[in-house]
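There are 8 protein chains.
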Amino acid sequence: MNIRDILASLKEGSIGVEEAERLLRLDYVQHIEGHTVFDHARQLRSGVPEVVYGLSKDPETVADIVQRAMERRDLVIVSRINDDHHAAVVARVGEDDLRYERKARMLVVDRRVKREPKGKVGIITAGTSDMGVAEEARVMLEAMDCECLCFHDVGVAGMHRFLEPMKKVLEQDVDVLIVVAGMEGALPTLVSSLSHIPVVGVPVSTGYGIGGNGEAALYSMLQSCAPGLAVVNIDNGIGAASLAAMIARRR
Amino acid sequence: MNIRDILASLKEGSIGVEEAERLLRLDYVQHIEGHTVFDHARQLRSGVPEVVYGLSKDPETVADIVQRAMERRDLVIVSRINDDHHAAVVARVGEDDLRYERKARMLVVDRRVKREPKGKVGIITAGTSDMGVAEEARVMLEAMDCECLCFHDVGVAGMHRFLEPMKKVLEQDVDVLIVVAGMEGALPTLVSSLSHIPVVGVPVSTGYGIGGNGEAALYSMLQSCAPGLAVVNIDNGIGAASLAAMIARRR
Amino acid sequence: MNIRDILASLKEGSIGVEEAERLLRLDYVQHIEGHTVFDHARQLRSGVPEVVYGLSKDPETVADIVQRAMERRDLVIVSRINDDHHAAVVARVGEDDLRYERKARMLVVDRRVKREPKGKVGIITAGTSDMGVAEEARVMLEAMDCECLCFHDVGVAGMHRFLEPMKKVLEQDVDVLIVVAGMEGALPTLVSSLSHIPVVGVPVSTGYGIGGNGEAALYSMLQSCAPGLAVVNIDNGIGAASLAAMIARRR
Amino acid sequence: MNIRDILASLKEGSIGVEEAERLLRLDYVQHIEGHTVFDHARQLRSGVPEVVYGLSKDPETVADIVQRAMERRDLVIVSRINDDHHAAVVARVGEDDLRYERKARMLVVDRRVKREPKGKVGIITAGTSDMGVAEEARVMLEAMDCECLCFHDVGVAGMHRFLEPMKKVLEQDVDVLIVVAGMEGALPTLVSSLSHIPVVGVPVSTGYGIGGNGEAALYSMLQSCAPGLAVVNIDNGIGAASLAAMIARRR
Amino acid sequence: MNIRDILASLKEGSIGVEEAERLLRLDYVQHIEGHTVFDHARQLRSGVPEVVYGLSKDPETVADIVQRAMERRDLVIVSRINDDHHAAVVARVGEDDLRYERKARMLVVDRRVKREPKGKVGIITAGTSDMGVAEEARVMLEAMDCECLCFHDVGVAGMHRFLEPMKKVLEQDVDVLIVVAGMEGALPTLVSSLSHIPVVGVPVSTGYGIGGNGEAALYSMLQSCAPGLAVVNIDNGIGAASLAAMIARRR
Amino acid sequence: MNIRDILASLKEGSIGVEEAERLLRLDYVQHIEGHTVFDHARQLRSGVPEVVYGLSKDPETVADIVQRAMERRDLVIVSRINDDHHAAVVARVGEDDLRYERKARMLVVDRRVKREPKGKVGIITAGTSDMGVAEEARVMLEAMDCECLCFHDVGVAGMHRFLEPMKKVLEQDVDVLIVVAGMEGALPTLVSSLSHIPVVGVPVSTGYGIGGNGEAALYSMLQSCAPGLAVVNIDNGIGAASLAAMIARRR
Amino acid sequence: MNIRDILASLKEGSIGVEEAERLLRLDYVQHIEGHTVFDHARQLRSGVPEVVYGLSKDPETVADIVQRAMERRDLVIVSRINDDHHAAVVARVGEDDLRYERKARMLVVDRRVKREPKGKVGIITAGTSDMGVAEEARVMLEAMDCECLCFHDVGVAGMHRFLEPMKKVLEQDVDVLIVVAGMEGALPTLVSSLSHIPVVGVPVSTGYGIGGNGEAALYSMLQSCAPGLAVVNIDNGIGAASLAAMIARRR
Amino acid sequence: MNIRDILASLKEGSIGVEEAERLLRLDYVQHIEGHTVFDHARQLRSGVPEVVYGLSKDPETVADIVQRAMERRDLVIVSRINDDHHAAVVARVGEDDLRYERKARMLVVDRRVKREPKGKVGIITAGTSDMGVAEEARVMLEAMDCECLCFHDVGVAGMHRFLEPMKKVLEQDVDVLIVVAGMEGALPTLVSSLSHIPVVGVPVSTGYGIGGNGEAALYSMLQSCAPGLAVVNIDNGIGAASLAAMIARRR
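Residue numbers (the working numbering), protein chains in the order written: chain A, 1 to 251; chain B, 252 to 502; chain C, 503 to 753; chain D, 754 to 1004; chain E, 1005 to 1255; chain F, 1256 to 1506; chain G, 1507 to 1757; chain H, 1758 to 2008.
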């Protein structure tokens, strides 16, 4: 019943004022819904596959979700899992279609036909402790059909360790850089100051003492005076990859 | 003197071990410098014009800087200034080339030849209090030759106020969105959940009580589960614009 | 004219269906010279009148908004204003319809016909410094047709000062209590432990030293083990009133 | 001995000044007590059953408390327990009267006669991780004789996931809504902006990085500009239920 | 007239039982034109005179309160005032009975008969910036009939500056020490480690950078491993004095 | 060598300027040491027995310390230990002289002759979770020869639960009160507002969500407007006992 | 006259032993009319002149202190002053011996004989906003007879701006570096990673948004993985200078 | 082989210029199977050996790194390891060259020829809990050829415990002091106030309640008014040692 019908019914006495009021409030939401013609599945909308966050779920729950998802979808991604989750999923659906990305703590089922890479993303890490988050980003990027170039252990404590990979990055003409760093988080600032492409900073929860759960790195990236740098939350490799893929695919 | 010369001099006795050590340490930095063939002016490197941060400088200092910069450059941008700064600059260099963007609290000298716009950026604000920061972004974007589309007062408290502009944004095919929001900062999450393009969230320091200096908005954007969203620091319109322009120009 | 009035007018024939529809929906959103988008639909949706937050706006802007709003609406409310805002509005629209609630720092235009009170709300303050926030709540409640009973300076430092008003509150059979307290914020806990009705706690930004901007009071209310207590943000008298009115009107 | 007796005794010399002073101080508290005629058991006063917080107690202590409570009361509720607590209680009192609400982490003994439901409460969760807290609220509400309607996984990341349940909520005419959300905590704001009934927001301690223990969600709800929204502490399902039941029962 | 005076007057026959009762209880609560409820009972109960907190009140309000209070009481204390408050009070009640303690930012009316000092309190400050808070404590202590011994500028940066006054303190046999310190707040720890009497630490809001509003000093005092040390809030000279007087008077 | 000897040696040439400077710096510390005639063992100085903090030490280390201490002292106190520490100590020195206070998590060896109690201290707890900290205070107080009166579970959620014990406290004429409370920490404020004796507040690390590690309770006690209240750090039962004993013993 | 001068004078016979002793010890402590206890012994002990912190003192108090100090000492340093303080001091003691270091916000009276520089300290700033703090350090260093080399505006946003001054620093063979930086505070890490000498980092309170009062810079420096870097508090130029001078003088 | 050894070998003819160059620069960066980029250049540059941070690495990874490093270097240092790491390394490379510093949680391989100590560093700890961090500093210092003097358990709670070791420190003429303290962190301030040499403060993460993870100690050291004191991050023994060695070696 649309607004005009409601008002007509009220006028002719078939409904009362209170009922009309209730129906009008309902109509408001329906009215909004009518707008949302663009509202299909998220992947259609944003091109970003949905990711199941495994951390707070027990292995059986994750196995349930994967099993059901595999019945309907070609691409299933689970993040923040461990060996127990992996085992539970294997026990349920077998190993054939599963890819367990252990360093990335991810599980991927990708039965889509091979696809052309769209865009090129560089991933730079400051130290070994940043590798897990970087891997999370890489797996996600590849699921979004981006080509990845990884440069690990590019510390700021040694200038040559920093400049060599920067040169390679610039030679490769990547579309966007993901820079992963814990501790004092200075690397994205330096990378950004030397490059001409968008940089997504990912603070990592390594460190100790004050600011040691990634806050020092996060604050540092947010305060950075280098142009072309934005950040995602601490340890959020997937968020960085989503944005980077969106940027890279525009080329 | 490069490393081999140093070592040769040491070997032939013309310098001692200590002098050699001093020279080697010096060489290390020069060696790095040899690498930095890509290290020209920042604008060359990143395509982002340098911005003079006016807030902590007195009017006379800003006038000095502008005067000297105008002697050598076609594009001079000053941010976070007020009427006093403006007056001091006018007194020094006249009004002819100056553009005072009062809402944005910026001063622009742009004597470059007219240029083709490169890329299209949408700017969405949640409320009137976010306008200043949005203007800062717009002025910076236009200085970087981006076309801007602004949608103001797109609050989350009314669904229709939110959905109408979203439709327009999607129809316009912008390359990237800057979403500016204070208070609870939910708008970038909503925008991101409905769009398929990169979103740069800018938390704004409006609000009150706990988290009221922009922290609530910042935390909210960082915790957001919407894909394709990254953030810059609170009130950092220029930072958001730099990144957005880099993204938009790749098209 | 609110939704129920429109419907009643339609039912009694003083307006037609089309006029009713126009009043209800066609004019949801009203733009004021790029400043601000009025959300007329909000009152329809939630029964809570929209409030213009004056703090971050200059007097002329507030005067603009009030003038435009008065052309179309019977009820205009502005919060967090000072004498300068008041003067600017008087200069623009005259004093006839304005009510300046100075302690509450609010401006009200209410040209609606006299209405029956719906529900009864008690407001309890811990000290004189909490009076401004309590007044903000009272003005908002009265605009929402609630009857208000105020009990000021009900400190916890003296048991008799606390028990006397509690007895009166319970005798009056109010529907809901708003308890406003700064410093250590213990009053809402005590009130809640002695009453059988919903309590809305409002922490106030009085105090000093650590936790002195209202955080101590806020934390205290959130940690409270007393049943039936929820909180709004520090100094948010209007938010507390909105919720209290919604609760009280259900009676 | 009342004040007059004390003074008389002092005057006639049977007690000294110091004793009189001590007795007067004592009288003050007794005097207060005389006021507290309304001070019966909490359940009588507020209609909210007392809940034993199990988290910090070992299984044997919880078993002790349950056993003793069951001797005197018809309704015993324990929250934040695990399987070990449950086993210890079963070992002590058998399984007959116990209801173990595992997802809610609660134990309920309810030997009261069946009662009519009073009021209707909607519970909305943003994601699966919010289910435990929502269940805690549901169990508590049912113990307070409220009818519950649950809508799970109503994420803000997809507009349709959000609007469908909102329509149902409005059709059902619930008295109050409990909205449970972690991460960025935007859901209560959206729900509140579309409904005309009181909303109690419950921030949940899911998330990661900065603000990830529920602070981002809490701050977001406190900063919300949506009318009719108040909050309880992070993960406090029972507190939300107490308030919601008090509101719903007034109908 | 305080409780003991009333009782003494009764005992010696200068007033009757009824007059004593009236003085003691009938007038516990005195309203001052809606401003403030005076808690005369507090002094009866705790022996601590009530203090009007002047900071958040304008001069006229303070003048009102003082004028009314002087009509009924022998002792009136106002804290955190400035010259404007003082002037407004003088304009209202004249200068005769007023004592303006400028360094302490306090106003005292004390028309009680001269009284014997009860107990001896030492006040130690770390630096000149702590003097205002120390003075606030001294004035309050003297109003509570305690003898005060002040030792200023007893910095920890010079051992002799610290040991000399410590010796004097111990020779004087004070009952309790108030130690006032900003910056790193180490002094109370040192004093406590060398003395055998209770120490009340008062952190002061001097300092800069991180922890510089008194938090560093507060944390330091709370973490102190020295026995016999408790703290009050930052800058709370009156709170420290209340406790110290209660301790000292027991001797 | 004192200052005059140093100067004489310099003058007569037996030492040089640099050696004189070194000796003078040394003399400065010796000079200080000369002052510290009052510097004996801590127990002599403050009457507070030293307590070994067991938490960060492994069982063997604690056993070592206890064994050695028992060779020289009559009173040995260890805090924050568990069953493993206890077992290790028993294995080393036998059970004869040991007292394991399990709830207090303390170990006491007390071979002193029976002593007269000095002073009376009341301990009030808000809930069962506060018992461990209260016990820590009791054990320490008894080791310092104070008589203890304990009142447990004196919650603020029920007025009668609060007033009954308050009456008993006042009847018993204790010298000082220790009030132990977690969650919102309102109890010390209430106790203090009704009593005329010093109160030491101990915040406890029970609670959840924001401020739930004892910060809410600590802030609340520090902001309290009740006179005669000071606090120690969160969970610091021993610190509260040290101060309380010092106060009580002065009687 | 400092300790070494006194000893030298004694050795060369221009003063006797008694005079030397008097100069060294009898007058360690000089009272200035109850204001401030000067710690002459500090300079003896640590070789660091005492600095009067002007910020929290009014101009007349500062004038008092300077006047008294000039009667007995050759070197008087006041920090954090403004033009008003300067004017008050000039009015009291004339301009002859005063040096007003305006950028450093300091006042210096130095009537000592010219002295040989001891050690060489480099001061590096990241931006113009850091200049005031750097100047504070320079003035203090020169008062401690250190030679200073200043390198301003050595930003990390451009590699060449950073490497050029680094080369000069290494060529000059300074003993220690003070690196002053606000915003993200990455400069000290970079400097430290390229140098072989001690680095003292000084975070500066420039920046905005989260971490913008110098916390981001402080955290960043504390988390830095570069060897040989320690920090002082935010804006603490004098503290950095004291340490640097102690290090440099050892050469 | 360090830089000086290489240069000496070149000078005495045991290696040629090319070999020296290869050793010095061609091999700056050594990859260990993708794990970690060793920064040999760091030792050349700063004289500080690189330390592998073991905490976030599993035992096998640490064993890999140590094995590879031992093939090319004379000095290998691993920090923050436990018994499992140690066992894994022993299983791989045997025990012959390994030194397991258990209290320091470090592993050292040092096959360099015996070297002359350069400089003398004092390490002072406040309590037993600070020993681990102090040991970490000692091991690092000795690897950098510094002589170490350790003074443990120098608490501020007893003046004699503090003054005795201070005297010894001054008699020994150390070049720099490392002062390690948790809890309230007052020791570095006291040490600094009595000494004339640089002090590096190391806050330790012992404590409890508010500020108990080392923040209280850190804030306290940063706020300290004692001259010549700088700090490193909480628990950062290695950072303190790096700086101290750089300072000491300059003598």
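No lab work stands behind these hints: they were computed from the structure. Just so we're clear, the structure is a prediction, and the values are computed from it rather than from any experiment. Just so you know, not all the hints are guaranteed correct.
DEER-style ranges, computed between Cβ atoms [unchecked claim]:
hint : chain 1 : residue 1 : chain 2 : residue 2 : range
1    : H       : His1909   : F       : Glu1274   : 27 to 37 Å
2    : C       : Gly596    : A       : Gly16     : 33 to 43 Å
3    : B       : Arg255    : H       : Arg1859   : 44 to 54 Å
4    : E       : Glu1064   : G       : Leu1561   : 29 to 39 Å
5    : D       : Arg821    : F       : Lys1423   : 45 to 55 Å
In the DSS-like style, the derived pairs of lysine-lysine whose C-alpha atoms are separated by at most 25 Å in a straight line are [to be verified]:
hint : chain 1 : residue 1 : chain 2 : residue 2
6    : B       : Lys419    : B       : Lys371
7    : G       : Lys1624   : H       : Lys1875
8    : H       : Lys1924   : H       : Lys1871
9    : H       : Lys1877   : H       : Lys1925
10   : A       : Lys103    : A       : Lys114
11   : E       : Lys1122   : F       : Lys1375
12   : A       : Lys167    : G       : Lys1673
13   : E       : Lys1171   : E       : Lys1118
14   : C       : Lys622    : D       : Lys810
15   : G       : Lys1674   : B       : Lys308
16   : C       : Lys669    : F       : Lys1266
17   : B       : Lys365    : B       : Lys308
18   : A       : Lys11     : C       : Lys513
19   : F       : Lys1312   : H       : Lys1860
20   : E       : Lys1124   : F       : Lys1373
21   : E       : Lys1124   : F       : Lys1266
22   : H       : Lys1875   : G       : Lys1626
23   : F       : Lys1266   : G       : Lys1673
24   : G       : Lys1624   : H       : Lys1877
25   : E       : Lys1124   : E       : Lys1107
26   : D       : Lys873    : D       : Lys920
27   : F       : Lys1312   : F       : Lys1375
28   : B       : Lys418    : B       : Lys369
29   : B       : Lys369    : A       : Lys118
A virtual CB, placed ideally from N, CA and C, is assigned to each residue, including glycine.
Okay, the hints, checked on the actual structure:
{"no.": "1", "hint": "His1909/H with Glu1274/F: 27 to 37 Å", "result": "holds (29 Å)"}
{"no.": "2", "hint": "Gly596/C with Gly16/A: 33 to 43 Å", "result": "holds (41 Å)"}
{"no.": "3", "hint": "Arg255/B with Arg1859/H: 44 to 54 Å", "result": "holds (46 Å)"}
{"no.": "4", "hint": "Glu1064/E with Leu1561/G: 29 to 39 Å", "result": "holds (32 Å)"}
{"no.": "5", "hint": "Arg821/D with Lys1423/F: 45 to 55 Å", "result": "violated (24 Å)"}
{"no.": "6", "hint": "Lys419/B with Lys371/B", "result": "holds (14 Å)"}
{"no.": "7", "hint": "Lys1624/G with Lys1875/H", "result": "holds (21 Å)"}
{"no.": "8", "hint": "Lys1924/H with Lys1871/H", "result": "violated (31 Å)"}
{"no.": "9", "hint": "Lys1877/H with Lys1925/H", "result": "holds (13 Å)"}
{"no.": "10", "hint": "Lys103/A with Lys114/A", "result": "holds (24 Å)"}
{"no.": "11", "hint": "Lys1122/E with Lys1375/F", "result": "holds (21 Å)"}
{"no.": "12", "hint": "Lys167/A with Lys1673/G", "result": "holds (22 Å)"}
{"no.": "13", "hint": "Lys1171/E with Lys1118/E", "result": "violated (31 Å)"}
{"no.": "14", "hint": "Lys622/C with Lys810/D", "result": "violated (42 Å)"}
{"no.": "15", "hint": "Lys1674/G with Lys308/B", "result": "violated (28 Å)"}
{"no.": "16", "hint": "Lys669/C with Lys1266/F", "result": "violated (87 Å)"}
{"no.": "17", "hint": "Lys365/B with Lys308/B", "result": "violated (31 Å)"}
{"no.": "18", "hint": "Lys11/A with Lys513/C", "result": "holds (5 Å)"}
{"no.": "19", "hint": "Lys1312/F with Lys1860/H", "result": "holds (13 Å)"}
{"no.": "20", "hint": "Lys1124/E with Lys1373/F", "result": "holds (21 Å)"}
{"no.": "21", "hint": "Lys1124/E with Lys1266/F", "result": "violated (50 Å)"}
{"no.": "22", "hint": "Lys1875/H with Lys1626/G", "result": "holds (21 Å)"}
{"no.": "23", "hint": "Lys1266/F with Lys1673/G", "result": "violated (48 Å)"}
{"no.": "24", "hint": "Lys1624/G with Lys1877/H", "result": "holds (21 Å)"}
{"no.": "25", "hint": "Lys1124/E with Lys1107/E", "result": "holds (22 Å)"}
{"no.": "26", "hint": "Lys873/D with Lys920/D", "result": "holds (16 Å)"}
{"no.": "27", "hint": "Lys1312/F with Lys1375/F", "result": "violated (33 Å)"}
{"no.": "28", "hint": "Lys418/B with Lys369/B", "result": "holds (23 Å)"}
{"no.": "29", "hint": "Lys369/B with Lys118/A", "result": "holds (21 Å)"}
Comparing the model with each numbered hint stated earlier shows that hints 5, 8, 13, 14, 15, 16, 17, 21, 23, 27 do not hold.
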